[in-house]
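The lines below spell out each chain.
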Amino acid sequence: MAGLTLRNVGKRYGALSIIQGLNLGIHDGEFLVLVGPSGCGKSTLLRMIAGLEDISEGTISIGGKVVNDLPASKRELSMVFQSYALYPHMSVRKNLAFGLQNFKVSRSEVERRVAEAARILQIEQLMDRKPRQLSGGQKQRVAIGRSIVREPQLFLFDEPLSNLDAELRVQMRAELASLYARLGTTMIYVTHDQVEAMTMASRIVVLRGGKIEQLGTPQDLYTRPQNLFVAGFIGSPKINMLQAKATREAGRTVVSVAGMPDFAIAELPTGDQALTLCVRPSSLRVGSGDVTGEGTIRLVEYLGSETLLHIALSSGQVLLVSDNGRTSYRMGDPVTIGFDLPDLHYFDSTGQRIEPIQKESQAQ
Amino acid sequence: MKTSATDLELAIQMDEAARVAHELRLKRDRQERNGRILKHIFLIIVSCVMLYPLFWLLASSFKPENEIFGSLTLWPSEFQFENYTKGWYALPMSFTVFYVNSAIVTGLSVIGNLVSCSFAAYAFARLNFTGRSFFFALMMMTLMIPYHVVLIPQYVQFLNLGWVDTYLPLVVPRFLASDAFFIFLMVQFFRQLPRELDEAAMIDGCSPFKIYWAIILPLSLPAMGTAAIFSLIWVWEDFLAPLIYLNDIKSYTVPLALRLFLDQEGQSAYGQMFAMSVLSLVPVVIFFVLFQKLIVRGIATSGMK
Amino acid sequence: MKRFFARNAPAYVFLLPWLIGFFLLALGPILASLYLSFTRYDMVSAPRWIGWGNYEYMFTRDRRFWKALEVTFTYVALAVPARLIMALGVAMLLDKGLRTIGLYRAIFYLPSLLGASIAIAILWRQLFAADGVVNQVLAMVGIQGASWITDPDTSLYTLVVLAMWQFGSPMLIFLAGLRGIPRDLYEAAEIDGTPRWRQFTRITLPLLAPVIFFNLVLQTIDSFKTFSSAFIISNGTGAPADSLLFYTVYLFNEAFKFFRMGYASALAWFLLVIIATFTAIAFFTSKYWVHYENERD
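Chains as they are written, first to last, in my numbering: chain F, 632 to 995; chain Z, 149 to 453; chain X, 59 to 355.
Keep in mind that the hints were calculated from the coordinates and are not lab data. Keep in mind that this is a model prediction, so the values were computed, not measured. Any given hint might turn out to be false.
[Stated by the list, open to error] Derived Cβ-Cβ restraints for the label pairs, each shown as a range:
hint: 1; chain 1: Z; residue 1: F203; chain 2: X; residue 2: V102; range: 47 to 53 angstroms
hint: 2; chain 1: F; residue 1: R760; chain 2: Z; residue 2: R184; range: 37 to 43 angstroms
hint: 3; chain 1: Z; residue 1: L174; chain 2: F; residue 2: T830; range: 47 to 53 angstroms
hint: 4; chain 1: F; residue 1: A805; chain 2: Z; residue 2: T278; range: 45 to 51 angstroms
Backbone N, C-alpha and C define an ideal beta-carbon position, used for all residues, glycine too.
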């Protein structure tokens, strides 16, 4: 097991810069998820850690040792690929043993580890099949098995669940989480699926355009997104964003939003300015709240455990409200919509998070 | 709900439409079947015309000398196996020598082609290196260079090395990947294999050579088979290079030996010449019949030859 | 620097045989051939520089050179279209409506594999001989056939027929191309009532154009290189009356019969220029017909 340090890491293809000056410390035994939209550089970063891509700038060290010039095979890590990359001409058993044989592990040890992995992943009955005779989920297990027999310091996962159907994905997600609980090895996991990120990670790195937008625990990211991008990226259904205007007034700030009454909050550090107000659909309520406004229901999406309401304010802006009440709503109904002040997130015109100065004094 | 006359009418109309559609389909099926039969007849005729010369050659090789010309029939009045037994020894050396020579040259050449071309193809298709696209472009250019252009300097070169009248000028170039067509064929195939396999193997501790040997080659057996068969057939049939480099009849390959029959023309040994011609085609035809699928797929993937 | 070496070394090890071959068997000889083309060289005494002498003689005084060009270009102009039309026609017959085409495909391809062999050239001489099979067939319908091989007016056509007979490989490429045309285009045309001929000119031909062009270039280059069959059928000389004096046959004789290596080198270089021209056309238009599935994002 080992921690990992990335110092000023950059990646360029000719003039094209994929990753710029990235600093990141990964703790020993951590489950770190790299998440971001496609093209954000997350896979490239993982491949640089794996040794499959050159590092243009900076250093990557694993367990305190700089590995920039070490080939992939010498980095004591293993990787699970999106396409699984099982060797098509080898049986499952050979797929598992192939790497160990290359590393000159003794035959009895190879057998022991392969049997152990097969038992953990419940693929014992598949050992003599070829990969093309396996289902997607089985291939996935074999791919994971191939990486655990190596007993590496570090596991890398490159969107391992994205080729599975929804049901299997949920199942494998749970299995991966329990595998992590059992092995406790450092894992780095790339995904574009925020649910995977939220459910499995010790910490999450949100990447965009080759830069870290935010690093933190799933709770951090959900409750205190550091910028508009993270606020919009994490959370489903997507957070509501409202254009607002802040005016400073004797020790407090008055916020005005079109379609809602003005309301006062503790002083914002930046003074008078335009800002973006974010509120999660689950924080909006029909009927009550610290601040309430009038709207009309435009669309009702009944999901069983909750109902998603699309509610248009008088300004025309549509807010998404997640309602778990029993009330039945109809399109066109006028409703009162409200939120509580502590549930609001404020972002300045550059998209960075701002906090009211005295949080405790705002509740009335 | 109202069940009315319009509903009923609609139902009748739909029924009628279905009937017409069914009839049209029957008619089209009938037309298509007739078309298919016509096509088959035509194709069978073309096939016969295509194959007639080959069968004529085969038949003539069994015919008595006076029956070869002046008759179109493919059935000899009596089978003259003598053409084969005599033909085999008709030249100053027996055909055993020529076949052994051809087999040596062909065998070594095929091995050389497979090894050297798959090496180069692996580098071009799977490894990243400085100058890759430059050398790849050069390789593609060598595809079009006519052999006649390099022939004279090569001949001088080999003459100075003392290689003329040995098999070295025929075999050594093949160990140096001189036939770029096979590199191209293999590159096309190697490129289709998923890149992640190499990467997984790298992480599994494989050197580039181990990846080539344990991953790429076993997965490329069809391409290697195609290359092997093409190279076998072409080397077997090769005429120009042996013509230039082999002077001593003891080292002649089969095509050179066949040409000797022509030089003896007038001695009317047509039956024997045809018999030996048939024999020279036998290995090619056998390989074609056995590996027809590989050959067809090879042409489709490479888009050449 | 060390990293540069580490990254490139394995690839160059794999490339080494080809690299050696490229320099010793391709680039070196081509340059040597260029040099020799400006010399007089008989393999006995050392090459003697004569400047443009060979080329001057070739273009201004050597009538056999012009004859060879005429024969070769005539052959290319006849054989290539004949072979391609044959190939396309049969490919289209095989492409649609037939369930089992494997056997036909094999039969039609076989001559392409055998065609280059000496045995077939020998066979061809007999088929078109004065008392050969062709004339007997003609006699059955009451036509007095010519002595095809020995008559300078007809000898070239025997080779054109041989070329036609070997339409197999362009046929296979056409078949692959036809398979690539989406079926629903034809179904849409069928529903619109488009007649077959218009389906051919409006759908098949345009969509197949890249493949046709590819085949055209490939077969043209290949035809310029024709040697063995012409050599055998003309007894190695280009006879009768130089009517089978293919460029390659002429070159071969100049080099290896008369040992005019310098002059033969000039001939070789001119052949290279001709073929390079056709290849260049193919190369600069390659984006229309070559597509590589490669290079990750």
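Violating hint indices (sorted, rising): 3
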